[in-house]
Amino acid sequence: MTVLALPAGSLLDAAVFAPLAAGALLLLAGRRLETAWQVIAANLAALPALLQLGFLLSEGRLGGASPLGGFLLEPLGAALFGMTVLVGAAALHRALRQLGQVELPHLYLGLILILWSGTLGAFASPLSTPSGVLAAYVYHEFALIPTFVLTLFWGGDGRRSAAMQMAVTLTLGAMVGLAGLFLCDFQPSHAEAPAIGLILLGFGTLVSLFPFHSWAAPVYSAAPSPVAMLHAGALKKFGLAVIAAFGVGRLGPWSDVLLWLALGNTVLLGAVCLAQRDLKQLVSWSSVAHMGPIFLGLWVADRTGQPDGLVAAAVLMTAHGLAAAALFALSNDVRARAGTYRLDELGGLAGRAPVLAALFIAATMASIGLPGFGNFWGELGVFLSLRDQSLWIQAAAASTVVLSAVYMLRATASTFHGPLRPELAAAESRGDLGWADRLGPLALLAASLVLGCYPAIVTRLFPQ
Amino acid sequence: MDAHLLHWILLLPLGSAAACGLLLRRRGAAAGILSIATAFAVAGLALAVLAGLAPGQTLAWQAEIGRLGGVPIRVGYLLDGHAALMLFVVTFVGAWIHLFSWGYMRDDGARGRFFGGLSLFMFAILGIVLADGLLMTFAFWELVGFCSYLLISHYFDTDFAPPAANKAFIANRVGDLGFILGIAMCLATYGAADFASLKAAAAAKPAPALLGFLLLCGFIGKSAQFPLHVWLTDAMAGPTPVSALIHAATMVAAGVFLMARVDFLLAPEVLQLCLWSGAAMAALAGLCALAQTDIKKSLAYSTLAHLGVMGAALGLGRADLALLHMAMHAFFKATLFLGAGSVIHGCHHGQDMLRMGGLASRMRLTFAAFLAATLSNCALPFLAGWYSKDAILEAAHGSSIGAFALLALAAVATCLYSARMIRLVFLGEARSEEARAAHESPWTMTLPLVVLGLGYSIIAGTYLGLPAAAVHVLPKPMAFHLGAASAVGLAALLLGLGALRFYGRSSGDALRDAAPGAYRALERRWMDDAYGWWIDRVQQPAIEVLAFLDLALVNGLAGKVLAGGIPALLGAASRRLFHAGSVRANAAWFTAGAALIAALLLGAL
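For the protein sequence lines, the chains are A and B, in the order given. For the first sequence, the numbering used here begins at 184 and goes up steadily by one. For the second sequence, the numbering used here begins at 19 and goes up steadily by one.
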């Protein structure tokens with residue numbers, strides 16, 4: 184694709200590096216920039232990524248390598264890249280809306296831009312070449328730093344221990360994964376059992392694979408909402424992308440391990456969600472539990488050698504990113520109105536904030552796989568890809584449709600339904616979501632709707 | 019005839035739902051007009067399509083919207099005889115219920131949401147009717163469940179509607195779990211999930227019994243069959259037109275429709291299960307209807323009983339009779355619910371039958387329609403309900419005497435609770451101020467009652483008034499002959515007349531006065547108690563233990579000790595730099611380390 188006579192792929196470079204440049208500018212010189220200029224810089228930085236997404240969607244093909252960063256969109260990477268563009272734009276929009284309320288706003292904004300840029304870089308780097316894998320790894324680590332710093336300094340309750348636990352766990356996970364990558368010279372074709380094991384456990388930890396999931400829920404609960412949106416929605420999927428590139432087709436002895444751990448995410452952590460009494464904790468836990476079906480899709484693609492599970496997992500990863508980001512943003516809006524995340528202190532908010540309630544219920548429905556939203560085809564596709572496996576595996580995997588419905592509907596009802604609680608009625612409270620605050624969740628849900636009604640936007644990226 | 023009219027039939031309600039939800043949220047009147055106009059337009063279009071369709075002709079169309087590896091995702095239509103009948107019932111009954119809602123919901127503050135929900139429901143149910151395969155059916159199947167949730171929770175600020183909505187959604191999802199596994203098994207066994215390919219493949223290779231059981235799970239959830247029937251009576255928390263449309267006439271019948279579409283996949287063992295559970299459900303639910311004082315709940319039990327009858331017909335291998343009963347039931351049960359709605363509207367939203375009475379003279383049209391539908395419900399010969407119910411009884415008699423006995427008991431129970439309802443609501447003296455002040459409803463509410471009650475509940479058995487394409491799948495209307503079924507039917511009617519006198523004896527409930535033990539046994543919700551016990555005593559404690567173990571073992575041991583211990587050891591040498599509390603120093607260390615790794619890696623490259 185040639186745009187304005189620039190080399191092919193330049194737009195991809197711009198999409199990744201513009202947020203980085205804007206972020207660097209804000210970190211270094213942000214103090215001297217007026218807020219208006221900060222906002223303009225952030226908005227300009229988002230433009231190339233959005234344009235790139237437009238081309239990706241309209242052309243339906245992946246394009247060539249970029250001259251500067253060596254980026255090349257591959258099927259799964261392209262899906263995740265596109266999702267990251269939207270999630271990042273929504274997170275950025277949200278950060279811009281918070282500028283008046285946070286300390287050191289230029290640093291806050293700059294770090295979020297860098298987090299976004301790193302995530303985009305991780306998904307735009309090709310995992311089929313050794314240098315691409317290395318670059319993707321570096322971008323991922325590069326994005327983790329702002330995640331950690333943002334959580335530590337701008338987070339909510341429990342941010343210190345959560346950030347430290349995350350930093351330690353994810354650094355360890357990434358190092359274990361890196362060791363696996365070194366063992367196979369960064370080439371999937373050279374990967375043997377020890378390398379695959381290290382990659383699976385290391386990168387699995389980044390995706391909160393059971394039982395290496397403990398870091399996730401506290402971080403997402405404590406992190407500022409744009410950070411939770413970007414990490415839980417987008418950045419976390421990097422581990423899945425690496426496992427898909429290196430593990431699928433080569434799991435060998437690790438196949439059964441992955442199966443049991445993935446079922447751990449689906450069933451055990453799905454059940455743990457039922458014990459949550461705090462809205463944001465629940466959203467965080469459910470995001471961890473929802474990794475289970477994705478892992479199962481990768482597992483079955485390895486087991487059968489058929490692409491079904493991988494394509495379904497790609498749809499589910501994309502859709503999960505959109506829905507999880509919307510849920511994190513909207514839970515934050517609940518807190519802004521009710522002053523609490525505790526489910527037993529919430530209740531009846533739908534009367535006071537009907538638009539917030541409608542969007543939250545829509546995001547809930549997206550996350551539990553209601554048809555119309557992308558998650559539906561993702562989840563159903565994973566279940567169907569398991570069709571030749573034993574019935575008990577299929578049943579355990581599909582149990583998530585009941586579990587997730589129970590805990591999400593329970594939380595929705597405790598938050599929005601029933602009579603308005605007297606404490607909330609008496610409290611000084613903001614009203615419904617304004618138009619500016621609706622924009623982000625609306626865009627994310629609309630994207631999920633498009634994916635749900637026309638899943639080909641993701642599935643056609645894969646060779647049939 | 020091509021399929022483009024079907025696009026309009028499917029998408030017009032979606033457009034209406036979107037407009038109501040996004041633009042007309044605060045303009046209830048505009049939303050109502052749009053939604054009602056859409057419903058009638060869709061009914062008109064459906065009639066036009068059916069008129070152009072010759073008997074036995076099918077209309078098919080499909081397009082691929084994605085491909086999950088080896089599984090193509092297609093949207094497609096298959097309008098055959100069964101779908102044609104269902105299309106007529108859904109659009110025709112749906113349109114009149116939309117009109118009824120205009121009057122019933124006139125004072126509601128959230129009409130935009132309500133009518134948006136109704137339109138969305140029409141979209142979803144029409145998707146099931148038209149779908150040409152299990153995948154598309156399942157997508158719309160789930161969407162129908164969501165619409166049901168949305169509309170049951172219409173009065174979301176009460177404390178009873180939200181739990182009822184959740185219960186409906188979750189019970190449906192439990193059934194859908196089996197349905198999903200069934201679809202996967204279809205794909206695994208036959209390599210396809212569209213009805214045409216499945217039918218061809220199943221002719222060559224009969225389906226395993228397990229496949230039928232799994233698909234049956236979907237039916238059990240959606241059509242509220244035992245043991246997932248518990249949600250339907252609670253679903254009455256929604257507005258009455260919703261109960262009429264979704265929880266009586268169409269959605270719950272969609273399970274029957276699905277089973278009729280895939281009847282070639284049901285092995286004999288599955289049919290046996292369907293027969294016995296359906297027949298038992300019919301008898302039991304009919305009796306339970308005797309112990310409800312809420313008019314809508316009593317009708318909900320009646321719906322459960324009729325769904326049981328349809329299930330029994332399916333089990334007898336007579337999908338055609340099940341569909342016939344589905345259609346007849348839709349007409350008279352919609353009328354009964356709309357009549358109940360009219361009564362509730364007239365009595366200022368009172369639903370307790372013991373506080374009604376004497377409404378026949380105050381609400382003449384409502385009474386006439388309700389009475390006609392009741393007689394149809396009781397299978398008075400030559401009324402709509404008789405044609406289907408009598409035929410099912412006859413078929414059961416020829417096949418299984420046990421099932422016949424249960425269905426006969428159901429027929430008796432139907433006449434008993436019907437007589438009780440007529441007696442308590444319409445006859446005798448008014449038993450409350452509201453009943454004395456009751457007034458007839460406006461024409462928007464009585465006109466649907468007249469069409470569906472005085473019209474279709476009476477004549478639908480002999481004259482459906484719809485094109486041959488839809489009717490040809492139905493068994494031919496039979497003439498009256500005195501067999502075992504007719505004998506049972508007439509005996510039941512006589513018992514009903516007796517019940518009319520029996521319930522006149524008391525100012526309260528005569529059965530409760532005469533046999534309080536039996537009444538309480540019927541009133542008590544045994545399955546709800548069992549589920550409640552399971553959730554409170556088993557499930558929740560187990561989950562708390564699990565969450566504790568996760569916190570203590572996984573998080574505490576693996577997360578903190580293992581993951582935290584290693585870096586702590588590493589950091590022991592430089593404890594002063596790494597000491598807790600200095601967040602800045604930690605961040606700096608972290609940044610420096612990451613930068614170092616990155617530099618090393620780039621160097622290695």
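Quick caveat, the hints were computed from the structure, so don't treat them as lab data. The beta-carbon is built from N, C-alpha and C at its ideal position, and this holds for glycine as well. Each hint should be verified, as a subset may be incorrect.
Stated by the list, open to error - Residues from chain B shown here face chain A by an in silico Cβ test under 7 Å; the list is partial:
hint, residue
1, I83
2, G88
3, A157
4, D175
5, R191
6, A206
7, A565
To be verified - If you want a taste of the chain A side facing chain B, the calculated C-beta under 7 Å gives, among others:
hint, residue
8, V494
9, A533
10, G534
11, A588
Unchecked claim - Here chain A is said to cover these stretches of chain B; the calculated rule only asks that three of the stretch's residues, wherever they fall, bring their Cβ under 8 Å from a Cβ of chain A:
hint, segment
12, 270-277
13, 538-546
Taking the hints in turn, this is what the structure says about them:
no. : hint    : in the structure
1   : I83     : holds (5 Å)
2   : G88     : holds (5 Å)
3   : A157    : holds (4 Å)
4   : D175    : holds (5 Å)
5   : R191    : holds (5 Å)
6   : A206    : holds (4 Å)
7   : A565    : holds (4 Å)
8   : V494    : holds (5 Å)
9   : A533    : holds (5 Å)
10  : G534    : holds (5 Å)
11  : A588    : holds (5 Å)
12  : 270-277 : violated (count 0)
13  : 538-546 : violated (count 0)
The structure shown violates the earlier hints numbered 12 and 13.
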